[in-house]
Amino acid sequence: MKRFAVIAPADLSAAARMLAEPNRSALAGGVDLLDLLKQELAAPDELVNLKALGGLDRIESESGGALRIGPLVTLHQLAASPAVRARHPALADAAAEAATPQLRNLATVGGNLAQRPRCWYFRNPAIVCLKKGGSKCYAVAGLNRYHAILGGGPSFIVNPSNLAPALVAYDATLTLHGPDGARKLAIAEFFTLPKADPRRENALIPGEIIAAIDVPAPPAGARSAYIEAREKQSFDWPLASAVAILAMNRAGEIEYARIVMGAVAPIPWRAPSAEKILHGARLDRAVADRAAQAALEGAAPLAHNAYKIPIARAMVRRAILRAGGIADETA
Amino acid sequence: MARRVTLRLGFEGELRDVVVTIPDDEPAPWQWGEKFSVVGVATPRLDGPLKATGRAPYTCDIQLPGMLYGAILRSPYPHARVRSVDLGAARRLAGVRAALERSGATIRFAGQEVAAVAAVSPEIARDALRLIKVEYAPMPFVVAMDEASRPDAPDVFESGGNVGSPHLNEIGNVAAGFETAAASVDAVYTTPVQTHVSLETHGAVASWNGDELTVWCSTQGIFGVRDDLAVHFSLPPENVRVITAYLGGGFGSKFGAGHEVIFAAELARMARAPVKLMLSRAEEHVATGNRPSSRQHVRIGAARDGALTALELEQHGSGGIGGGSGSAAPYLSLYRCPNLRTSEHNVNINAGPASPMRAPGWPQGCFALELAIDELARKLNLDRLEMRRRNNPSPVRALEFELGARAFRWEERARAPKARGPMRRGVGVASAVWHGIGASGPQAQCVAFRDGRVAVRIGTQDVGTGTRTIIAMVAAEELGLPLSSVIAEIGDTRYLFSLPSGGSMTAPSTTPAVRQAAAHLKGKLMRLAAPALGAEPEDLVISDGVVRVRAEPNRAMQFADLCRRISGDSLAADGEHVPNYGGYSMTQAGCQFAGVEVDIETGIVRVVDFVAVHDAGAIVDPLTARSQVNGGIIMGVGFALFEDRRLDPQTGLMVNPTMDDYKLPGVLDTPEIRAYFVEVANGITNTGVLGLGEAVHVAAAAAIGCAVADAIGAPVRDLPLTPDRVLAALGRV
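Line order of the protein sequences matches chains A and B. Heads up, the first sequence is in this note's numbering, so the first residue is 1 and it goes up one at a time. Heads up, the second sequence is in this note's numbering, so the first residue is 1 and it goes up one at a time.
To be clear, the hints were calculated from the coordinates, so they are not data collected in a lab. Among these hints, one or two may not hold up.
[Claimed, not checked] Pairs of lysine-lysine residues, derived as DSS-like cross-links and limited to a Cα-Cα distance of at most 30 Å, are as follows: (1) A:LYS38 with B:LYS51; (2) A:LYS232 with A:LYS184; (3) B:LYS35 with B:LYS418; (4) B:LYS524 with A:LYS136; (5) A:LYS136 with A:LYS276; (6) A:LYS38 with A:LYS276; (7) B:LYS524 with A:LYS232; (8) A:LYS232 with B:LYS51; (9) B:LYS133 with A:LYS38; (10) A:LYS184 with A:LYS51; (11) A:LYS132 with B:LYS51; (12) A:LYS184 with A:LYS2; (13) A:LYS51 with A:LYS38; (14) A:LYS2 with B:LYS133; (15) A:LYS132 with A:LYS38; (16) A:LYS232 with A:LYS276; (17) A:LYS136 with A:LYS195.
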């Protein structure tokens with residue numbers, strides 16, 4: 001780990017200006033940053049301590065159910081918040097399932113969204129892969145059991161954020177504060193595919209900080225669920241996760257459906273084909289099955305990760321059934 | 001010199017009198033049904049609070065004035081010739097005090113050490129590593145065992161040929177045995193490389209004073225480290241002192257002075273300052289040993305009644321660039337079979353060398369053998385426990401099977417419906433054998449001080465099993481003192497010799513020496529007390545800290561008052577572990593039952609519960625005994641479900657040298673564990689204590705593997721039982 005200094009900004013604009021300088025990194029919870037420093041994947045001279053800024057660690061809820069989440073809100077705050085649980089239970093559950101209690105007490109929402117991928121080739125300091133300016137993605141011909149089955153190429157990382165699929169499903173908007181002021185970006189636009197630039201995972205430009213996360217209230221009567229599959233039950237990243245948001249009309253037909261998967265693609269992966277099947281249907285196990293099938297159509301597994309397809313399918317089906325109030329036999 | 005004593009040996013229902021010969025100065029062996037006041041009482045570890053509050057000084061906590069920090073440069077190539085190493089720029093970096101290169105280096109695995117530095121801070125040491133210029137000539141490499149076995153594979157060693165000549169065992173006539181079999185199974189089973197993942201990494205602090213070397217070291221064997229260092233530096237062993245006050249696990253990976261210990265001492269000598277060198281987690285994974293992989297081709301046959309008629313093993317295993325990988329031992333002793341043939345081959349690959357790991361070879365062999373027996377039982381339509389009963393050679397295990405089956409409710413659970421939605425339940429049972437009988441060699445000293453305290457000193461080390469606590473308990477029991485009066489002092493080569501803590505040897509080897517030393521001290525104390533109490537020494541007894549005349553308990557003296565009669569400062573006595581008497585049994589039987597739940601849509605396995613039944617000999621501390629069972633099973637869960645050292649075929653690098661990618665069981669992955677002990681009076685030593693560390697790990701992964709096969713109706717023959725393999729066995733991928 002290279003020596004660094006910690007500097008404290010006076011306000012968001014100052015922080016953005018500081019971060020626009022070369023060799024600086026933002027420090028919030030420090031969870032992923034510490035990993036990156038220790039693995040020598042980041043070697044900043046200065047850390048800009050966002051925790052010096054006040055007011056970024058609050059969850060504000062509006063009467064209509066919309067949320068404004070500060071970037072320094074911890075995963076524990078999110079998981080424990082009655083306001084989040086009330087209308088956005090998939091977000092609360094996604095936070096509660098992440099990492100460990102100790103990490104959830106430290107890890108921030110902003111850091112969770114901007115963390116770097118867990119790919120073991122990317123994380124290995126001795127390997128210069130595509131993401132680090134090298135010439136190839138080692139996962140293609142290598143050990144790829146945890147890599148992307150959708151949206152991959154030329155890099156095959158998966159997005160590691162537990163919160164991202166839920167926030168995409170809930171149509172969150174990010175406020176990004178940069179050296180030249182603030183801009184708003186739909187969260188679905190925030191995450192970028194490796195096709196565009198394999199070295200990056202999001203649309204942040206140098207100096208930009210996630211300053212707020214606005215989550216609108218879901219449609220009236222909507223119910224949502226988050227579910228993930230992990231090899232280990234203690235402290236593990238999911239093999240696949242799914243968020244389902246469903247709203248029914250008076251006739252019991254689905255009139256609003258959102259399906260987003262996590263850990264299967266370089267970005268949170270929305271499944272419009274599954275949503276289309278659900279739309280207008282009356283929910284039963286067969287419909288959930290067909291939607292889950294559709295969600296994984298087009299999956300292109302590598303040599304060692306085809307098993308993630310049935311797992312992701314099971315997650316989508318279970319999330320749909322859970323959101324639709326149909327008994328879950330796995331609980 | 002020697003006397004003959006009759007001991008009541010065996011276990012409940014099977015006790016018999018056996019005459020053994022013991023030395024005159026050996027205390028009478030503890031007997032079946034003996035009443036104790038300290039031994040056998042559930043006792044929290046004496047050093048538990050120190051450990052839990054961070055005050056126990058582990059090696060990495062040692063700080064010396066002027067101490068430097070060492071770091072090691074490791075090869076990024078799995079196979080290369082080192083053309084040159086230029087330490088110049090590293091040496092010139094401000095704060096660097098010493099640098100050295102490993103001479104004559106041909107690199108045979110990624111992570112092999114090339115050079116080392118010592119600097120005034122760990123950060124400067126790491127900066128210095130980056131300044132070392134190494135010219136490598138990379139060579140072809142192979143990191144997969146099946147590829148290494150092909151004739152055109154790159155040679156790991158110049159001598160050529162990666163597959164070693166077989167180690168054979170043959171009993172009876174296997175071909176004839178298969179001819180008489182009513183059913184047989186022919187299948188291949190594999191197990192991965194597992195690493196030890198001791199919570200405390202390898203490392204040492206080395207400090208020279210002239211030609212005297214003191215080393216604080218994370219080791220399972222302080223005397224082995226002392227001797228290695230004495231040889232390396234051509235010093236008399238007395239000039240080397242090794243201290244291991246507290247040790248964060250070893251599991252077989254911490255015997256002898258590893259390269260990190262040698263480097264620390266070399267750098268300290270060059271820099272004329274103490275050097276601390278602790279390995280990182282990644283270094284720990286790649287360079288400090290592992291449990292070798294195995295590929296086991298098993299053929300097994302049985303008669304209609306389940307009696308085994310033939311058993312054959314063709315085994316290949318890789319301990320990287322060295323270390324035996326054999327896994328035949330369970331095949332030769334777990335069950336009765338008249339016709340046996342085993343053939344074991346070591347295969348070299350470009351990976352870090354193996355080292356002993358918790359029952360070397362056994363968990364691998366046990367997994368394949370037990371799964372094969374289950375497959376055979378199914379073909380014969382026999383209950384799987386019944387199949388094992390019919391081939392079980394051990395009367396102790398026969399009792400354990402009954403106790404375990406009752407506790408686990410085997411009869412009911414083996415027949416219970418398996419499905420609940422996508423969840424499938426299964427149960428498995430597997431057998432264990434170990435021989436934690438200890439060995440002679442250890443010597444102990446007991447010292448009574450004028451203030452009434454007693455110290456027991458022995459050059460053993462607590463690998464994490466509670467050695468300090470049980471040694472104090474044994475001394476307190478023998479001296480008739482409350483445990484609070486006894487201090488156990490261990491982990492220093494200044495104390496009398498003891499063996500390395502491995503092979504489940506520590507408790508059975510140290511407790512007889514400690515007990516004899518305590519008995520000898522008691523003799524001296526009784527001789528001191530006798531005149532004051534007006535009695536003969538042999539008429540005195542001591543309990544609860546009071547010395548009494550046996551026939552007249554009112555004639556008594558407090559132990560503290562007795563100690564004030566010690567002339568000078570202290571009264572000391574030595575004791576030793578005399579050769580094992582050869583009493584009842586030299587092996588210890590065990591069995592474990594596992595219950596699992598498998599999600600057939602995701603292939604994810606959860607181990608729900610375990611029942612473990614083991615021969616523990618005499619149990620000194622029921623809490624540390626149970627703790628051993630918990631640890632052995634949790635490590636078995638890791639081996640069964642998660643752990644796998646994964647090497648990248650493109651670079652030869654380990655892709656998961658961390659504690660998140662190398663997956664270990666956590667709290668939520670730990671099953672409910674119930675431990676039962678059959679206390680076999682074995683008449684081996686004066687304490688009859690057995691070691692449990694390995695016995696409790698041998699069968700765990702096997703029981704889980706059998707339970708998963710039961711749950712999903714198909715065997716998964718490869719560890720770890722990851723979702724991809726479970727889904728493949730179910731035909732869902």
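How the hints compare with the structure:
1. A:LYS38 with B:LYS51: 26 Å, holds
2. A:LYS232 with A:LYS184: 37 Å, violated
3. B:LYS35 with B:LYS418: Violated, at roughly 46 Å.
4. B:LYS524 with A:LYS136: 76 Å, violated
5. A:LYS136 with A:LYS276: 37 Å, violated
6. A:LYS38 with A:LYS276: At roughly 45 Å apart (the allowed maximum being 30 Å), LYS276 (chain A) and LYS38 (chain A) break the hint.
7. B:LYS524 with A:LYS232: 58 Å, violated
8. A:LYS232 with B:LYS51: 27 Å, holds
9. B:LYS133 with A:LYS38: 22 Å, holds
10. A:LYS184 with A:LYS51: 22 Å, holds
11. A:LYS132 with B:LYS51: 41 Å, violated
12. A:LYS184 with A:LYS2: 34 Å, violated
13. A:LYS51 with A:LYS38: Holds. LYS51 (chain A) to LYS38 (chain A) sits at ~21 Å (cutoff 30 Å).
14. A:LYS2 with B:LYS133: Roughly 19 Å separates the two Cα atoms, so the pair holds.
15. A:LYS132 with A:LYS38: Answer holds: LYS132 (chain A) to LYS38 (chain A) is near 16 Å, not above 30 Å.
16. A:LYS232 with A:LYS276: 33 Å, violated
17. A:LYS136 with A:LYS195: 13 Å, holds
Of the hints listed earlier, those the structure fails to meet are numbers 2, 3, 4, 5, 6, 7, 11, 12 and 16, in rising order.
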